[in-house]
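Guided by the hints, dock chains B and C onto chain A, whose structure is given.
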Amino acid sequence: MAFITLTTDFGTKDHFVGAVKGAIYSELKDAKIIDITHQISPFNITETAYILKNSYKSFPEGSIHIVGVDSELSNENKHIALLLDNHYFICPDNGLISMIASEINPTKIVEITIHNRVESSFPVLDVFVQVACFIAKGGSLSVIGKEIKEFQKLIEIQPKVNQTQTKIIGNVIYIDNYGNVISNISKKQFQKIGKGRSFKIVAHRHFFTKIYSKYNEIVNCQNIGEQNLYDGEKLAIFNSAGFLEIAIYRSSLGTVGGASSLLGLKYRDVISVEFKSLETKKETDVFSAIP
Amino acid sequence: MAFITLTTDFGTKDHFVGAVKGAIYSELKDAKIIDITHQISPFNITETAYILKNSYKSFPEGSIHIVGVDSELSNENKHIALLLDNHYFICPDNGLISMIASEINPTKIVEITIHNRVESSFPVLDVFVQVACFIAKGGSLSVIGKEIKEFQKLIEIQPKVNQTQTKIIGNVIYIDNYGNVISNISKKQFQKIGKGRSFKIVAHRHFFTKIYSKYNEIVNCQNIGEQNLYDGEKLAIFNSAGFLEIAIYRSSLGTVGGASSLLGLKYRDVISVEFKSLETKKETDVFSAIP
Amino acid sequence: MAFITLTTDFGTKDHFVGAVKGAIYSELKDAKIIDITHQISPFNITETAYILKNSYKSFPEGSIHIVGVDSELSNENKHIALLLDNHYFICPDNGLISMIASEINPTKIVEITIHNRVESSFPVLDVFVQVACFIAKGGSLSVIGKEIKEFQKLIEIQPKVNQTQTKIIGNVIYIDNYGNVISNISKKQFQKIGKGRSFKIVAHRHFFTKIYSKYNEIVNCQNIGEQNLYDGEKLAIFNSAGFLEIAIYRSSLGTVGGASSLLGLKYRDVISVEFKSLETKKETDVFSAIP
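Protein chains in written order, with my numbering: chain A, 414 to 704; chain B, 414 to 704; chain C, 414 to 704.
Calculated from the structure, these hints are not laboratory results.
Keep in mind that this is a model prediction, so the values were computed, not measured.
Don't take every hint at face value.
Stated by the list, open to error - Think about it this way: if two alpha-carbon atoms lie no more than 30 Å apart in a straight line, the pair counts; the simulated BS3-like pairs of lysine-lysine are:
#, chain 1, residue 1, chain 2, residue 2
1, B, K521, B, K562
2, C, K470, B, K442
3, B, K426, A, K491
4, A, K426, C, K491
5, B, K623, C, K491
6, C, K679, B, K647
7, C, K679, C, K426
8, A, K608, A, K573
9, C, K426, B, K601
10, C, K426, B, K491
11, A, K426, B, K679
12, C, K623, A, K491
13, C, K627, B, K426
14, A, K426, C, K573
15, A, K623, B, K426
16, A, K566, A, K601
So here's chain A without its partners, still in its complex pose:
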């Protein structure tokens, strides 16, 4: 049985998603088609990379992930199919795979060439579905296209570290359903650079000296019923995807607002971590121990 996931910026109103699913079922009656999301902000590759990285691993090995974001074919924007971490990805070569591939090298990448005669403004339907069904039936990547070794890199996804290793300068790469603001700074990188030193996180005019591992760790109450006192408090957390996140406890974008609206943090804004330098002469800033 084939598991085929869809990650697109099609939205859920238009006919695009229905047409794609129908085409897959017409080829593969038994396929399991799973929507990862169709709500990617149009053409936003960073969002796509973040969402895909945090969801693909849950699926059974051998799953096929179709990505339909900014996928119109051009000389600058080839179509590729690849095997990485025992999962198949079919996507444009526009950098979105680099967030996943930054940790795990692809086993094989091919540039899709089966569609050289297809002029299409809807390549997910006209090309990607064919490729997915071909792979699902046991077809080899080599038949789909010619092997390539390089793929586009998405530079903005990597945070910068200063020379003295006292600062990680990251950016907001995603704002989630609760308005939580997610940076590109991973727990792994934080620990590698920080080496247990105390630190200060700076996000706009806001400072954090503690990073939680659960949202409700902020609640430090003896008496049942006091939980609500903490609603609306800001906090820094390593989220379930392993990234540094600025959150508002029990926030809701639609009503009280989330970290993004309440703290004025937008996509691409800088979030940085300053570590206590190893030779500390004066230290007037507030620094705290890692929890």
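Same frame as chain A, now just chains B and C:
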């Protein structure tokens, strides 16, 4: 074959829903996973209860319903699994089950204890999925946790009745996709208290003395083509879920507006029903017979 | 295995979709239920027709398409089931089928009569699901209702052509997820009337003399990296559904805006095509060759 439904406030953009589905399929290749909704207003338990109550019964007996709303574990917010009306529910013990359990007693409730060592900010993925797959494979609730007899009650869900049984004071518990305003006053309670008496419904500055059973009963036209004359008319109806609803005929929140916007009714606003008192001396108010 | 699709204006927050799916699975454990969309603007029949026309064909023959838009039963709004192009449709007889049936005649249409005793404000759940499951199990349309020959026509869906065949006057029938503005003028009709003549498309205050077949045909760059210069350019295209569309290159309604917001084009606005008349004496307007 296992039917597993998802009711969450995750939204459909983030990776959360995809990750949860992938994890279920990795355990249970044949599972049927059905989205009830992921659009619950963040942390809104009343909405969750209303939606779950009105959808779970349609599913085959033995279905497993995962509820991911306000589900982070704390001393105040335990995780429970229960069998009720031949359906399984896996959810936080935050009151949401009380709307369903107000009519049908749970057969068995356990407090989930298999995760005592899991520190997780994403318990639906890390805990609820495991529990659901365990139940789907025929596992017993007793293995998952220790049996408990009590669960949290959600008080605001129950309307009040005055001492002389002439008034039901309810609240808006839900606003639907059309902007229709749904109260917590059920047809059952209305009939039990009303005993066939004439009545007046009061919602903000608006009055209703008739309750319809279909929206287009308001259209009383002889000539085909006059239906549109009634677009935008306000009406009271017992909706398909059996609750008293204030609606605008053929409304659309996005364009002309719905009852919520046009009549100024918000979540938690009071909607009351006044019945004619049994000993009527003076009666100056307008009362009508129940249809 | 039965493929059953859903196209509704229910939205994805309320319990309606979940209830319908549960009811189908309770009857047909093996059904494949596919959401085409639940985001139709409430009661909008033109949108429904456009989306359905562009998605149903992808599905395997014999698929059953449930349409829940403006489906409350009345004397003016019968329920019908039909076989058309080897697909089954279950829907209200409110004109939505006429966009599909304008090109292909239905094989058989019946007026559903099995529900004559059902008073329901939720006919999709109470009636359409029953009909769909009956058909999926091999039941005959004749058992569901009495055969009829006529169905409601939706007039606004057809563009007008002037007597001298120099002008097609169409309308905006749909605005998609990217803000692209889609007219009811099909490529087929354009070619039939235009007969290769040069033309001018008029949409509000905007003119187009070229129609692209891919969005990025507008990019005419030698150097890699110049693609972004074209972001925000307006263009006319025959979209993947075969209709004339006014688009903004790489637009996004949520951020920079789409053709609808940037060019001020709304649902039902006029979009027309003027062809060079065959006997050309004076021709001061700008006309271009069809690409």
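Okay, the hints, checked on the actual structure:
| no. | hint | verdict |
| --- | --- | --- |
| 1 | B:K521 x B:K562 | 8 Å, holds |
| 2 | C:K470 x B:K442 | 28 Å, holds |
| 3 | B:K426 x A:K491 | 26 Å, holds |
| 4 | A:K426 x C:K491 | 26 Å, holds |
| 5 | B:K623 x C:K491 | 26 Å, holds |
| 6 | C:K679 x B:K647 | 28 Å, holds |
| 7 | C:K679 x C:K426 | 26 Å, holds |
| 8 | A:K608 x A:K573 | 17 Å, holds |
| 9 | C:K426 x B:K601 | 25 Å, holds |
| 10 | C:K426 x B:K491 | 26 Å, holds |
| 11 | A:K426 x B:K679 | 27 Å, holds |
| 12 | C:K623 x A:K491 | 26 Å, holds |
| 13 | C:K627 x B:K426 | 27 Å, holds |
| 14 | A:K426 x C:K573 | 27 Å, holds |
| 15 | A:K623 x B:K426 | 28 Å, holds |
| 16 | A:K566 x A:K601 | 20 Å, holds |
Checked against the numbered hints given earlier, this structure breaks none of them.
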